[in-house]
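A.B. asks: Be aware that the sequence shown starts at 270, since it is given in the working numbering, and climbs by one per residue.
Note that these hints are calculated values from the structure, not bench results. A portion of the hints provided could be inaccurate.
Said to hold, decoys possible - FRET-style restraints, in silico, Cβ to Cβ:
hint : residue 1 : residue 2 : range
1    : Arg599    : Val393    : 48 to 54 Å
2    : Gly581    : Leu364    : 37 to 43 Å
3    : Leu355    : Ala494    : 36 to 42 Å
4    : Ala511    : Thr374    : 17 to 23 Å
5    : Asp608    : Leu362    : 48 to 54 Å
6    : Lys423    : Asp385    : 15 to 21 Å
7    : Arg605    : His451    : 43 to 49 Å
8    : Gln638    : Arg343    : 18 to 24 Å
9    : Met471    : Lys392    : 47 to 53 Å
10   : Arg599    : Met471    : 20 to 26 Å
11   : Ile595    : Lys401    : 51 to 57 Å
Because the structure is a prediction, the values reported are computed rather than measured. By construction, the Cβ of each residue, glycine as well, lies at the ideal position given by its N, Cα and C atoms.
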Amino acid sequence: MLGTGIRQLTPAALRYLGPKDRIVDRAFCYERVGVSTRELVFNNWIDRSYQSDRHALRLYLDYRDSDALYQVSRLCVDILRKLCELMENLPELFLLQPRSVTLDTQRPHAQGGYGDIYSGTFKVKTGVLKVKKRKVAVKRPRNAGHLSSAEYPKDLCREVVIWKLLAHKNITRCFGAYRDAHGPSLVLEWMPNGTVVDFLRMNPSANRLRLIEDVAEGLNYLHYAMGVMHGDVRGTNILINADCVACLSDFNIARILYDVKLQTNSHGRASLRYMPPEFMDTSSSDEKFAIVPSREGDTFSFGMTMLEIFTGEPPFPTHHDAQVIIDISRGKRPSRPSDRTEVGLSDGIWTLIERCWQTVPWSRPSMMQVKQCIQEARRASPAP
Numbered sequence: 270m271l272g273t274g275i276r277q278l279t280p281a282a283l284r285y286l287g288p289k290d291r292i293v294d295r296a297f298c299y300e301r302v303g304v305s306t307r308e309l310v311f312n313n314w315i316d317r318s319y320q321s322d323r324h325a326l327r328l329y330l331d332y333r334d335s336d337a338l339y340q341v342s343r344l345c346v347d348i349l350r351k352l353c354e355l356m357e358n359l360p361e362l363f364l365l366q367p368r369s370v371t372l373d374t375q376r377p378h379a380q381g382g383y384g385d386i387y388s389g390t391f392k393v394k395t396g397v398l399k400v401k402k403r404k405v406a407v408k409r410p411r412n413a414g415h416l417s418s419a420e421y422p423k424d425l426c427r428e429v430v431i432w433k434l435l436a437h438k439n440i441t442r443c444f445g446a447y448r449d450a451h452g453p454s455l456v457l458e459w460m461p462n463g464t465v466v467d468f469l470r471m472n473p474s475a476n477r478l479r480l481i482e483d484v485a486e487g488l489n490y491l492h493y494a495m496g497v498m499h500g501d502v503r504g505t506n507i508l509i510n511a512d513c514v515a516c517l518s519d520f521n522i523a524r525i526l527y528d529v530k531l532q533t534n535s536h537g538r539a540s541l542r543y544m545p546p547e548f549m550d551t552s553s554s555d556e557k558f559a560i561v562p563s564r565e566g567d568t569f570s571f572g573m574t575m576l577e578i579f580t581g582e583p584p585f586p587t588h589h590d591a592q593v594i595i596d597i598s599r600g601k602r603p604s605r606p607s608d609r610t611e612v613g614l615s616d617g618i619w620t621l622i623e624r625c626w627q628t629v630p631w632s633r634p635s636m637m638q639v640k641q642c643i644q645e646a647r648r649a650s651p652a653p
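Go ahead and model the full structure; you've got the sequences and the hints to work with.
C.D. replies: Dropping the structure here:
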């Protein structure tokens, strides 16, 4: 039950009692009802939420102990995420006080397709009267101009609900979201060494196998501890922290797996050069495709990312997008580079990459198997 470990509801939570809370209770106890009943309950409750101006889930999330969020079932988290998208709003536990975040400058530190990244300082309470300052990255979307002063973009809602619940040494930490006069923003762990590709460009002698193992550890945690599929594994979404540890980032199209029969058809957009053939549309030459993230898809993308870490270039660097679509759909894969053995691209690692690239999804190894292969290769590798 979701209520396990919850000692006290705040007064704000008590205001959200209503008839549909009974529906929520039944949905949360999903192990006691059939799939068809769950599906009906889920759809009925989401449909009602279109007309509602209240957050029914705040009854369960607006309590004082944020650690209890980790007890929330996958189904409940997915319901919450969809509800937040519909209402373009977030429960209080995902929100930060604007005054707790200070930007170093109004000039972006970096820019991407989703928005701008700023450097800043986040004041974290460590006790009743104690405050610790820590360096953070502030991610500000560009598509939020149409929202009211109380709303958040759907993309940000979808991302923060999953990301804030993740806690692992190989996952970039998400502290939450806030909004000020400039609009909504996401507050993330500061990664001083940039992306893995940037880091290796500046540190060519770095141990690539260790960085690859870091990514495998992060994906293994997502897949089997949290039931989360990343959906967009690539070099630009792998950041290097101050301790030179690789961490997965960007969960905008991530998906929660809790029951295959109950999954909804939520799609994301991922880069085609890392995309598995089962999601390819050979009639299109668009740079992005709509996909449903999966473990097997993440494994394929991980194989492409392994090659990128060894070469410093994206897959098929000399091909235009339309040719990449055709090649991957027809079973063609990048060739093995001949000069990367000294940085860890051994015969065994190349075989692992090819296994990750298998056309048939269920022929690809699990991330647990991938991690074990990399650990064995590291023990046998002369790389630093």
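A.B. asks: If a hint holds in the structure, say so; if it doesn't, say that too.
C.D. replies: Hints, one by one, checked against the model:
1. Arg599 - Val393: 48 to 54 Å: Holds - the Cβ-Cβ distance for Arg599 and Val393, about 51 Å, lies within 48 to 54 Å.
2. Gly581 - Leu364: 37 to 43 Å: holds (39 Å)
3. Leu355 - Ala494: 36 to 42 Å: Roughly 28 Å apart at Cβ, these two residues miss the hinted range, so it is violated.
4. Ala511 - Thr374: 17 to 23 Å: For Thr374 against Ala511, whose Cβ atoms are near 20 Å apart, the range 17 to 23 Å holds.
5. Asp608 - Leu362: 48 to 54 Å: holds (50 Å)
6. Lys423 - Asp385: 15 to 21 Å: holds (18 Å)
7. Arg605 - His451: 43 to 49 Å: holds (47 Å)
8. Gln638 - Arg343: 18 to 24 Å: Taking Cβ atoms as reference, Gln638 and Arg343 lie about 23 Å apart, which means the hint holds.
9. Met471 - Lys392: 47 to 53 Å: Given a distance of about 31 Å, which is not inside 47 to 53 Å, the answer is violated.
10. Arg599 - Met471: 20 to 26 Å: violated (37 Å)
11. Ile595 - Lys401: 51 to 57 Å: holds (53 Å)
In the structure shown, a violation is registered for the earlier hints numbered 3, 9, 10, in ascending order.
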